[in-house]
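Colleague: Note that this note's numbering gives residue 32 to position 23 of the sequence shown, counting from 1, and the numbers run on in steps of one.
Don't read these hints as lab results, they were simulated from the structure. It is possible that some hints are incorrect.
[As the list claims (entries may be wrong)] Each pair of labels, with its calculated beta carbon distance range: (1) 134 - 80: 19 to 29 Å; (2) 124 - 79: 29 to 39 Å; (3) 104 - 146: 28 to 38 Å; (4) 47 - 94: 30 to 40 Å.
Positions of the beta carbon are idealized from the N, C-alpha and C atoms, including for glycine.
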Amino acid sequence: TQSRSSAASDVYKRQKLKDALIRKYHVIESHLPLSAAVDLLLNVQDQHFLVMENQKVVGTLSKTAIISGLTTVGENSPISNVMNKNILWLAPDMDISKANELMQKNHISIAPVQENNQLIGVFELDNFSEFLLIKAARKS
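Could you put the whole structure together from the sequences, leaning on the hints where they help?
Modeller: In structure tokens:
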């Protein structure tokens, strides 16, 4: 296990964000009621979503925010009332270690990644640990 941990650490230090990018992800519109987010949450495995408005990212939405919103604002309230508006945009050539550090510092679990002003994917902390384990296992 020590060698796997060391291998995972080496992988982590050398990788760029584009190597761990999620290209298939779910989005939801900001004007929709929170009940639509509940439906999405219950029908997919994702726990974090990009929130869109006029085909632009305007926020993120987590499972925690959805559940909290149900009790604080109710299921008919628009998603825009509970989404996180603090968007951390990342670039595909950024070091994964730097992206991870920025996301943890800002308490963000999902961040959109753009290249040439185009959304090309998302980076999600939950998925990142799976990425490291797989990369380390392949090297063993």
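Colleague: Each of the hints needs a verdict: does it hold here or not?
Modeller: Comparing the hints with the structure gives:
no. : hint                  : verdict
1   : 134 - 80: 19 to 29 Å  : holds, 25 Å
2   : 124 - 79: 29 to 39 Å  : holds, 36 Å
3   : 104 - 146: 28 to 38 Å : violated, 22 Å
4   : 47 - 94: 30 to 40 Å   : violated, 20 Å
Hint compliance for this structure: hints 3, 4 are not met, and every other hint is.
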